[in-house]
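Enquirer: The primary structure of each chain is shown beneath.
Protein chains: 2
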Amino acid sequence: MKTTISKVNEHLNEEVKMGAWLSNKRSSGKIAFLQLRDGTGFIQGVVVKAAVSEEVFNLAKSLTQESSVYVTGTIVEDTRSPFGYEMQVTDLELIHESVDFPITPKEHGTEFLMDHRHLWLRSKRQHAVMKIRNEIIRATYEFYNKEGFIKIDPPILTGSAAEGTTELFHTQYFDEEAYLSQSGQLYMEAAAMAFGKVFSFGPTFRAEKSKTRRHLIEFWMIEPEMAFMEHEESLQVQEQYVSYLAQSVVENCALELDILERDVDKLKQIQAPFPRITYDEAVELLKDKGFDDIEWGEDFGSPHETAIAESFDKPVFITHYPKDIKAFYMKPDPTNEAVVLCADLIAPEGYGEIIGGSQRIDDLDLMKQRYEEHNLSGDAYQWYLELRQYGSVPHAGFGLGLERTVAWFSGVEHVRETIPFPRLLNRLYP
Amino acid sequence: MKTTISKVNEHLNEEVKMGAWLSNKRSSGKIAFLQLRDGTGFIQGVVVKAAVSEEVFNLAKSLTQESSVYVTGTIVEDTRSPFGYEMQVTDLELIHESVDFPITPKEHGTEFLMDHRHLWLRSKRQHAVMKIRNEIIRATYEFYNKEGFIKIDPPILTGSAAEGTTELFHTQYFDEEAYLSQSGQLYMEAAAMAFGKVFSFGPTFRAEKSKTRRHLIEFWMIEPEMAFMEHEESLQVQEQYVSYLAQSVVENCALELDILERDVDKLKQIQAPFPRITYDEAVELLKDKGFDDIEWGEDFGSPHETAIAESFDKPVFITHYPKDIKAFYMKPDPTNEAVVLCADLIAPEGYGEIIGGSQRIDDLDLMKQRYEEHNLSGDAYQWYLELRQYGSVPHAGFGLGLERTVAWFSGVEHVRETIPFPRLLNRLYP
Ligand SMILES: [Mg+2]
Ligand SMILES: [Mg+2]
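Protein chains in written order, with the working numbering: chain A, 1 to 430; chain B, 1001 to 1430.
Accuracy of the hints is not assured; some may be wrong.
[What the hints assert, rightly or not] Not close to chain B: a few residues of chain A, all C-beta gaps over 10 Å, as computed:
#1 D38
#2 G148
#3 K209
#4 L255
#5 D265
#6 A272
#7 P275
#8 L285
#9 D288
#10 D365
#11 E373
#12 Q389
#13 G411
[Stated by the list, open to error] Below, simulated DSSO-like cross-link-like pairs (lysine-lysine); rule was C-alpha separation at most 27 Å, straight line:
#14 B:K1326 <-> A:K268
#15 A:K146 <-> B:K1025
#16 B:K1326 <-> A:K2
#17 B:K1268 <-> B:K1323
#18 A:K146 <-> B:K1368
#19 B:K1124 <-> A:K146
#20 B:K1007 <-> B:K1025
#21 B:K1146 <-> A:K7
#22 B:K1146 <-> A:K17
#23 B:K1326 <-> A:K146
#24 A:K146 <-> B:K1007
#25 A:K146 <-> B:K1146
#26 B:K1209 <-> B:K1326
#27 A:K2 <-> A:K17
#28 A:K124 <-> B:K1146
In short, the hints are calculated from the structure, not lab data.
Glycine residues also receive a C-beta, built at the ideal position from the N, C-alpha and C atoms.
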């Protein structure tokens, strides 16, 4: 019976066959313990000299790291391992011998590992992080499908750039100049007017010369946009979504969280509703905490966000930022025109901003005024203006950064481990 | 009770309120029929003069196309419409008046509609196509999750290009030159060695100066890759996947297929297994059909594919193409080294190639030989070669083009209608 490690629980006390790689090994004169992986999981294979042919035992003893094999054996329970099963090997067949696999069980430097990302992904820890990423992706589609959202793919190549072109990648698009999208939001607003509730999920690009543990050059975003929806209702969607992701990971990635030694109680706490404080309150809070480097009207940096988040054991919404430090399309608060109906969601434990969102300007005249203030009045943004011209409605939306969310849930320090092939300043390989 | 058109079946004979736009209207002195849409669907609202206030009736009569309203009324069954329900309007509240909406119910030229794509998406037909696209996306995730595949996102920005750079978009990546990915496949092979069965789903880019009904500059692909898998097994995954998509659309998009006047019986026929013919047999078939412009060793064009497809009422796999017209990484057939273990899946009804796939070369020496033949021996592809060096295994994969599949299932002529904001030669707006 051919199977995979992820399905051995269906074959208890049966003999099965599978393809696998050797990730590690211990052996003595009479027994060999093979740490096997097949991509779906990790299992220990026990080869007892007395139970197999001499060829098989010799092969087991000489097997090198990352050699590929077909392995046959009986699945038994193993209460000592978190996985719960092991394999009593009866046959072993070499597919390909791996010589001098570069990533040995010893410690390696980050740059070395990053240069070997195509092989590093095979390690237990990287495997666990990618499984959590996969679960967040799966749960995202499940959540938005259940809630009646339509997936809309905004274009990556655009002829116009709403918020300055210095941090954008340029390319020649036949006779025109094009940019790689930093956000599909403007397009998602058009889509919300056609489909009501929509979400995007795709790559975005930021040619930013910053080298922090929270920044990638190429990263994935989920951007929902909802017609007939105001600020407060959008916050509710956001907290329900993030809670759904967290609880899906808790439920479906127990083994991976264990491998990563993640404090699962911290994830279980991520349940809607989340606390909300205004920007004004956040500034006061920071001053109370002794920060003297922030004045009303200035944006928060990572240390500020971390300090604010420390006051809460759930993610916290910071709402109503000053209009001048936020995007041109955000709707002013009708009760205070100096601030906008927006929120950033800050994760606990120093993981920073996970979501940015707002209600959008729906008034045509106000949007025209913003166009003048931001020099958008050419042809390139005509279509976006028209959304306010033909049946404008209250609408709101937000963007969640996938990699920061993976880092948070996985408890990994740096976002470079949260995407299969990270793109960083000076890192375009592999 | 606030609701959406998609949920009116839960509110039969109840009074509900919803936000909506007016898509069309007929009225006489005593009654107005409002064609309403809210993004989730379309419903007729009936406003009877005697049943509402004078203000409401006057508003209904004067309402312009694409004006936005909050509409209140009772949901009743309507056996004459395919949707099955209509609304007896009791109240109507204007949100925003739309003046001179550019896309009127009359005919418009394609370029005009494409220039107004942000508004054209609101039309019934475009709405139906995007719902089918959404269903294909949803069913893709469902299928691969069920089958134990992990979603892996290969990078979009790459420093190397495997198959010539003339059809690639270039960009400056800080101090290096980068390309926009045409396919994530090479990376997916690395991922398959780490995760067993993986799939990608993301945008790809082709700077091709071709202007056909099957080509987009920016399009979305699904690229599964599977370790410990050979050619024939991969074909089985492909036919099961495509059947799953077709049956999901038949089951969940009845209304949309009706709007598009799609022959649903043709879609119901898309059930695994699919017929397979070899390239050799396909050449013979074409000669029998009178084609004198094809010789063994040449690739098929659209007319050839269409003619081959006409001999079958299901999609057909064409297998074992000559090695010289296929990609460098395809595994030669051990019984005939002139051909490779590959297949293209050709859709019926002239929709062309939907999938291309193959078993990959797993022998290090043969791959080194291919590197020399294709001048890949620099540093850029070192990582890909290493996949054959450290525990190489038989593996196979394929790529499905999303937009061509949407076109096929929807029965639309041109792929430009199958993506929200198409990128074409000379089309970067909106
Ligand atoms: Mg911020
Ligand atoms: Mg072809």
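Enquirer: None of the hints should be skipped; say for each whether it holds.
Expert: Evaluated hints:
Non-interface status of A:D38 relative to chain B is broken: a Cβ of that chain comes within 10 Å, the nearest being about 6 Å off. With a minimum CB-CB distance of about 6 Å to chain B, A:G148 fails to clear the 10 Å threshold, and the non-interface call is violated. Consistency note on A:K209: stated as away from chain B, yet its beta-carbon is not over 10 Å from all of that chain's, at 7 Å minimum. A:L255, annotated as away from the interface, keeps every beta carbon of chain B farther than 10 Å; the closest lies near 14 Å.
No beta-carbon of chain B is positioned within 10 Å of the beta-carbon of A:D265; the least distance is around 27 Å. The non-interface label for A:A272 is consistent with chain B: the shortest C-beta to C-beta separation is roughly 20 Å, beyond 10 Å. Non-interface call for A:P275 relative to chain B: holds, since the shortest CB-CB distance, roughly 26 Å, exceeds 10 Å. With a cut of 10 Å on Cβ distances, A:L285 stays outside the contact zone with chain B, its closest approach being about 35 Å.
Separation of A:D288 from chain B is adequate, the least Cβ-Cβ distance of about 40 Å exceeding the 10 Å criterion. Annotated as non-interface, A:D365 keeps its C-beta farther than 10 Å from every C-beta of chain B; the closest such distance is 12 Å. At the 10 Å boundary, the C-beta of A:E373 stays outside the reach of chain B, the nearest C-beta of that chain being 22 Å off. Residue placement check: A:Q389 does not keep its beta carbon more than 10 Å from all beta carbons of chain B (closest about 7 Å).
A:G411, annotated as away from the interface, keeps every beta carbon of chain B farther than 10 Å; the closest lies near 20 Å. Taken as a hint, the B:K1326 and A:K268 pair is broken in the structure, with Cα atoms around 51 Å apart against an allowance of 27 Å. Among the hinted pairs, A:K146 with B:K1025 is inconsistent with the structure: their alpha-carbon atoms are about 32 Å apart, more than 27 Å. Between B:K1326 and A:K2, the direct Cα distance comes to roughly 32 Å. Violation of the 27 Å bound is thereby established for this hinted pair.
Between B:K1268 and B:K1323 the alpha-carbon distance is near 35 Å, which puts this suggested pair outside the 27 Å criterion. With a C-alpha separation of about 49 Å, the suggested pairing of A:K146 with B:K1368 is violated against the 27 Å cut-off. For the suggested pair B:K1124 and A:K146, the alpha carbons sit about 23 Å apart, so the restraint of at most 27 Å is met. Taking the CA atoms of B:K1007 and B:K1025, the gap is near 22 Å; set against the 27 Å cutoff, the hint holds.
Proposed proximity of B:K1146 and A:K7 is supported: the alpha carbons are some 13 Å apart, at most 27 Å. Distance hint between B:K1146 and A:K17 is fulfilled; the C-alpha atoms sit about 21 Å from each other, no more than 27 Å. Our distance criterion of 27 Å between C-alpha atoms is broken by B:K1326 and A:K146, whose separation comes to about 42 Å. For the hint pairing A:K146 with B:K1007, the CA-to-CA distance comes to about 13 Å; that is within 27 Å, so the pair holds.
Between the alpha carbons of A:K146 and B:K1146 the distance comes to roughly 17 Å, so the proposed pair stays at or under 27 Å and holds. As the CA atoms of B:K1209 and B:K1326 are separated by approximately 21 Å, the hinted pair is consistent with the 27 Å bound. The suggested pairing of A:K2 with A:K17 holds, with an alpha-carbon distance near 5 Å, which does not exceed 27 Å. Between A:K124 and B:K1146, the direct Cα distance comes to roughly 23 Å. Compliance with the 27 Å bound is thereby established for this hinted pair.
Of the numbered hints stated above, those contradicted by the structure are hints 1, 2, 3, 12, 14, 15, 16, 17, 18 and 23, listed in ascending order.
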